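**Student:** What follows is each chain in one-letter form.
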Amino acid sequence: MAPEFLLLLGLPLAGGLALALFGHWARAAELNVAFSTLTFFAAVALVARVVAGGPLMAAGEQFFIDPLNVFLVALTAFVAMTTALFSRPYMRIERDHGRVSAAGMRLYHSMYQLFTLAMLVVLTTNNLGIMWVAMEAATLTTVLLVALYRTHASLEAAWKYFILCGVGIAQALLGTILVYFAAEKILGAGVGSLLWTHLDEVKDQLEPTVMSIAFVFLLVGYGTKVGLVPLHNWLPDAHAEGPTPISAVLSGLLLNVALYSLIRFKVITDGALERPFASQLLMGFGLASVAVAAFFLSRQRDVKRMFAYSSIEHMGLITFAFGMGGPVASFGGLLHMTVHSLTKSAIFFAVGHAAQKAGTQVMADIRGLLRVNPTVGWGLMLGTAAILGMPPFGVFASEFLILTTAIAQQPWATPILLVSLGIAFASIFGKVQPMVFGETNARRLPHPPALVPVFAHLAIVLCLGLYMPPYLADWYRQAARLIG
Amino acid sequence: MLQHYGPQLINLFAAVLLLLSFAMLTQRRIMSLINLFAAQGLVLCLSTALVAWLTGQTHLYGSAALTLALKVVALPWILHMLIRRLNVKWDVETLINIPTMMLVGIVLVILAFNLALPISQLAGTVTRSTLGIALASVLLSFLMMITRSKAVPQVIGFLSMENGLFFAATGAVYGMPMVVELGVALDVLVGALILGIFMFQIRERFDSVDTRHLEKLKEH
Chain A
106 MAPEFLLLLG LPLAGGLALA LFGHWARAAE LNVAFSTLTF FAAVALVARV
156 VAGGPLMAAG EQFFIDPLNV FLVALTAFVA MTTALFSRPY MRIERDHGRV
206 SAAGMRLYHS MYQLFTLAML VVLTTNNLGI MWVAMEAATL TTVLLVALYR
256 THASLEAAWK YFILCGVGIA QALLGTILVY FAAEKILGAG VGSLLWTHLD
306 EVKDQLEPTV MSIAFVFLLV GYGTKVGLVP LHNWLPDAHA EGPTPISAVL
356 SGLLLNVALY SLIRFKVITD GALERPFASQ LLMGFGLASV AVAAFFLSRQ
406 RDVKRMFAYS SIEHMGLITF AFGMGGPVAS FGGLLHMTVH SLTKSAIFFA
456 VGHAAQKAGT QVMADIRGLL RVNPTVGWGL MLGTAAILGM PPFGVFASEF
506 LILTTAIAQQ PWATPILLVS LGIAFASIFG KVQPMVFGET NARRLPHPPA
556 LVPVFAHLAI VLCLGLYMPP YLADWYRQAA RLIG
Chain B
2 MLQHYGPQLI NLFAAVLLLL SFAMLTQRRI MSLINLFAAQ GLVLCLSTAL
52 VAWLTGQTHL YGSAALTLAL KVVALPWILH MLIRRLNVKW DVETLINIPT
102 MMLVGIVLVI LAFNLALPIS QLAGTVTRST LGIALASVLL SFLMMITRSK
152 AVPQVIGFLS MENGLFFAAT GAVYGMPMVV ELGVALDVLV GALILGIFMF
202 QIRERFDSVD TRHLEKLKEH
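Going down the list, the sequences are from chains A and B.
Counting in the numbering used here, the final residue of the first sequence is number 589, and the numbers go up one at a time with none missing.
Counting in the numbering used here, the final residue of the second sequence is number 221, and the numbers go up one at a time with none missing.
The hints are simulated quantities; they were obtained by calculation from the structure and are not laboratory data.
Just so it is clear, the structure is predicted and the values come from calculations on it, not from any experiment.
Yeah, the Cβ is synthetic: ideal placement off N, Cα and C, and Gly gets one too.
Incorrect hints may have been included.
Simulated pairs of lysine-lysine, DSSO-like, Cα-Cα distance not exceeding 27 Å [as the list claims (entries may be wrong)]:
{"#": "1", "chain 1": "B", "residue 1": "K217", "chain 2": "A", "residue 2": "K462"}
{"#": "2", "chain 1": "B", "residue 1": "K217", "chain 2": "B", "residue 2": "K151"}
{"#": "3", "chain 1": "B", "residue 1": "K217", "chain 2": "A", "residue 2": "K536"}
{"#": "4", "chain 1": "B", "residue 1": "K90", "chain 2": "B", "residue 2": "K151"}
{"#": "5", "chain 1": "A", "residue 1": "K462", "chain 2": "A", "residue 2": "K536"}
Beyond 12 Å from chain B on every Cβ pair, some chain A residues (computed) [to be verified]:
{"#": "6", "residue": "L136"}
{"#": "7", "residue": "V138"}
{"#": "8", "residue": "P194"}
{"#": "9", "residue": "F382"}
{"#": "10", "residue": "M495"}
{"#": "11", "residue": "Y572"}
The task is simple: from the sequences and hints, build the whole structure.
**Tutor:** Now the structure itself:
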């Protein structure tokens, strides 16, 4: 097994265990950052190895790295690192304000690492059963974090999150059992029939009826975690009520990871069925998510809730792109996954600081961020401009690719997409603008917040919009070819 | 002798499982609900062991043992401890319209059998006729979760849904590979523990474990 790979999974595991013991120490936040940073270095080393030597397998084919998951591994490790950096001062202030107890801090730090581990396992595992187990583990590690503040609303949000995602993921288990059932006919009983690489080789022989039923269950199951309408009810609550670093990783990473599992199954299902059944379902759910989320966006008053709905909208757009398929749309979808993840987590960082300073998440009560703290104000404004798809940010490039493909291949869907994006633009911009530029009589705050992660993320998104390095484009192209 | 009656015995177990699902659907006392859940686990364990013996799939003995340890011993014990500590041991839930719920349940069973038909026709296992029942018990647990307002019964519904899924796996493919089953069992156990912690937090905040308190977050 490649040592980088061992480190990639070993470090967050070790971090989770160590922080379970020492997570309440004064220096625990630095330890958390250290583990996340080392995990990111392991991911970079792994990427370097895959770029040099091609796809690799580990632990007797139980784990694998190919162009599709390697870029998500790098992205996940990167955002996990920057979020750990952001959470260091943020959670310290929460602790000083008495919103979190010492035991809460221990839980928070330990679960943060284990959550990273669960996501990395989902991404790298070749075994579809283990994928399910790790996905459920990702829910379990975050459910207590959503309830960290023990307020009425946070407990309710966590309960909803647990029950809805639990029921959803149970459907995904049924789907996985059915896939195994179809595979067992060809590959025989045993672990081999659950390995994605094996299934991919024989996908055209799999029983179509069973695969189509299986895909419906998988779509409902993993789709709940992606936040696809009408299974999205848990998402705005969990994002709004949990601590902001958790909102950032839930929105920026977990949704991507859930969508990744769905894509893996889509590839196999499309191979087994003659007709584009899976693709059509993805397109339908994606489009519904974009439209419904845009509608709800205009009604929000809580800033984190509003950006949670924006995540539903963007995940819908990505799902729609993968549903259309083809090299351009899949490329656009993958690019959008990257830029959405970076931009949305950056926005949550800025929003977190803004809400912490204002003492509320209600948008009407947050005013004049530019006067209170220009860094936070500009961070939020630029992040909002980026997520709304303003050129020259990368979101513009990916949305452009997706929309042009939609015009060519699915013209009927284009008006719905355009109107939804327009409504989203008007609602979000109209609400963020007074928050940033409005009049306020709040005093300037003495301590400047550490917002390096915000501007680092936005800089990358800007770069991706202006110039994409050829090796990165090549990498996306290979991944898009895998998705088909 | 047993070899001859084996498949019929499996069908019998499946029928008992379905009956237990219906019983859970309408059981109002939390204590009895936990006992029914344990009974369901026991039936599951016995039928898995029987399938293992009939087909010579040795890994199914492992699953049967796992079921016994987890669903007959550990989870009911955790639940019993939980309701004792939460002082909801003798709680009786008011369920409205039990006859309607039964009727909806029957419709769900018919639906499940229809859904399972194309799959069970393809299955080569001796247990294929039980697939419809497995799906039916999944749907019935789902119905139970929707109709309950107390936290503990909702959790039992969730766990019993997992029982149905496990039965489906045994029925369709003689169980999932052992690593996956171990992983699922671990998730279920950790999930139950987390829910336990969680219920204490809910009670601390609301002085009750009624999820009707948890309906404030809505779109305006």
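**Student:** Does P194 (chain A) sit more than 12 Å from chain B, CB to CB?
**Tutor:** 27 Å, holds
**Student:** Would you check whether the claim that F382 (chain A) is not at the interface survives, using Cβ distances to chain B and the 12 Å cut-off?
**Tutor:** 15 Å, holds
**Student:** Against the 27 Å threshold, does the CA-CA distance of K217 (chain B) and K536 (chain A) hold or violate the hint?
**Tutor:** 24 Å, holds
**Student:** Take a quick look at whether K90 (chain B) and K151 (chain B) sit within 27 Å of each other, Cα to Cα.
**Tutor:** Holds, because 12 Å separates the two Cα atoms, which is no more than 27 Å.
**Student:** Between K217 (chain B) and K151 (chain B), does the CA-CA distance stay at or below 27 Å?
**Tutor:** 16 Å, holds
**Student:** With a cut-off of 27 Å on the C-alpha distance, tell me whether K217 (chain B) and K462 (chain A) pass.
**Tutor:** Status holds; Cα separation ~26 Å.
**Student:** Are all C-beta atoms of chain B more than 12 Å from that of L136 (chain A)?
**Tutor:** 24 Å, holds
**Student:** Would you check the hint for K462 (chain A) and K536 (chain A), treating anything up to 27 Å between C-alpha atoms as holding?
**Tutor:** 18 Å, holds
**Student:** Beyond 12 Å on every Cβ pair: is that true for Y572 (chain A) relative to chain B?
**Tutor:** 41 Å, holds
**Student:** Against chain B, does V138 (chain A) hold up as non-interface, every C-beta pair farther apart than 12 Å?
**Tutor:** 26 Å, holds
**Student:** Beyond 12 Å on every Cβ pair: is that true for M495 (chain A) relative to chain B?
**Tutor:** Answer for M495 (chain A): holds, closest chain B Cβ roughly 28 Å.
The structure shown violates none of the earlier numbered hints.
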